[in-house]
Amino acid sequence: MSVELIPLAVLMFAVTYPSRALGILTPGLERLPKIAFDYLQLVGPAVLAALAATSVMVVVGDDEQPSFHIGIEWVAVLVCLAIVARRRNLFLGLVAAVAIVAIARAAGLAAMPA
Amino acid sequence: MSLIVFAGAAQFAAVGYVASGLPWPGVVLLTALLNARHLLYSAALAPWLREIPFWRRAVEAHLLTDEAFALGISHFRRIGRTDERGYWLGAFVCTFIPWNLASLGGVVIGAQIPDPARFGIDVIFPAAMIGLAVGLITGRRELVAAIVGAGVAVVVALATSPAIGIISGGVVGPIVGLLVPARLAAETAPLGSIESADRFAMPDTHVTAAAEDADLPPVAGGQS
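Going down the list, the protein sequences come from chains A and B.
In this text, residue positions in the first sequence follow the numbering used here: the first is 828, and each later residue adds one.
In this text, residue positions in the second sequence follow the numbering used here: the first is 4, and each later residue adds one.
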């Protein structure tokens with residue numbers, strides 16, 4: 828196991844931890860106005876949906892240029908969304924999503940990720 | 004790296020950047036950009052964690068990931084109060100330990116797995132994120148924030164980079180969500196209410212606590 832990347836990992840930690848800690852450790856955030864709290868309540872759905880959308884719709888090629896992607900992953904994620912919304916069961920949704928992608932790729936109906 | 008950085012997306016990206024020969028300052032800069040979304044998570048969690056001692060919050064901050072945030076804040080919102088043990092369960096037991104064990108497993112036996120992509124494992128991340136987002140949607144404001152956040156993120160990601168797109172979606176989505184008037188928000192289970200607890204909580208656990216907090220009679224068995 829290589830240890831050459833440990834200094835890089837420490838540097839990555841040094842730039843990651845402040846963004847994680849700033850809000851949690853800053854005193855006085857509880858005195859924010861109500862509109863700010865309402866805003867923060869909506870951050871979760873927005874960021875998580877943004878993460879999901881960019882993960883399935885945007886691919887970055889070898890040339891580092893992002894491009895729009897259409898694939899079986901869309902179907903898998905939508906099926907997962909439907910299952911979670913209807914059954915409140917994330918595990919079942921994940922199993923269904925993985926199965927859809929695995930079967931489609933095994934059958935040659937979908938391409939492997941870049 | 005999994006122990007120290009504990010940020011999956013940044014780790015995947017860093018491996019690719021290092022392999023492509025990008026100098027370390029570039030890797031660090033891109034890591035900072037990619038992980039800047041944690042600032043939003045941190046701010047959103049802050050009101051819930053404010054009663055916890057500083058040093059414990061400092062440790063808990065290191066455990067803050069997409070998954071830990073989603074599990075933690077949805078749990079807090081459902082029960083209407085802070086549950087530090089619940090946060091640790093989601094952030095440490097369900098995320099930190101498995102992530103590091105899986106990283107170790109990947110180092111040891113990963114090369115023997117011919118092509119993990121054929122198993123569809125890559126779709127777990129977006130599917131999990133959308134599933135966790137669904138768990139946070141209890142009204143039209145959240146729905147609008149999620150849809151706009153996703154749309155803005157994709158458009159900006161295509162124009163710039165996925166990291167900037169995610170942050171843009173996370174910032175703009177809630178602003179548009181707030182434009183939905185409260186009377187049209189159609190909250191089916193207002194946060195921290197007996198309806199919220201009844202809808203999401205385990206039977207005979209949070210329902211009773213929420214009912215006591217709300218000075219309302221508990222719902223028997225937590226069933227609606």
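No lab work stands behind these hints, which were simulated from the structure alone.
Heads up, the beta-carbon is just placed ideally off N, CA and C, and yes, glycines get one too.
Worth double-checking, as some hints may not be accurate.
Said to hold, decoys possible - Here are the simulated distance ranges between beta carbons:
| # | chain 1 | residue 1 | chain 2 | residue 2 | range |
| --- | --- | --- | --- | --- | --- |
| 1 | B | Ile-112 | A | Ile-930 | 20 to 30 Å |
| 2 | A | Ala-934 | B | Arg-59 | 46 to 56 Å |
| 3 | A | Arg-914 | B | Arg-88 | 34 to 44 Å |
Each hint, compared with the structure:
Distance hint for B:Ile-112 and A:Ile-930: a CB-CB separation of about 25 Å, consistent with the stated range 20 to 30 Å. At roughly 50 Å, the beta carbons of A:Ala-934 and B:Arg-59 sit within the given window of 46 to 56 Å. For the pair A:Arg-914 and B:Arg-88, the supplied restraint of 34 to 44 Å is violated, since their beta-carbon distance comes to about 27 Å.
Consistency with the previously given hints fails for number 3 only.
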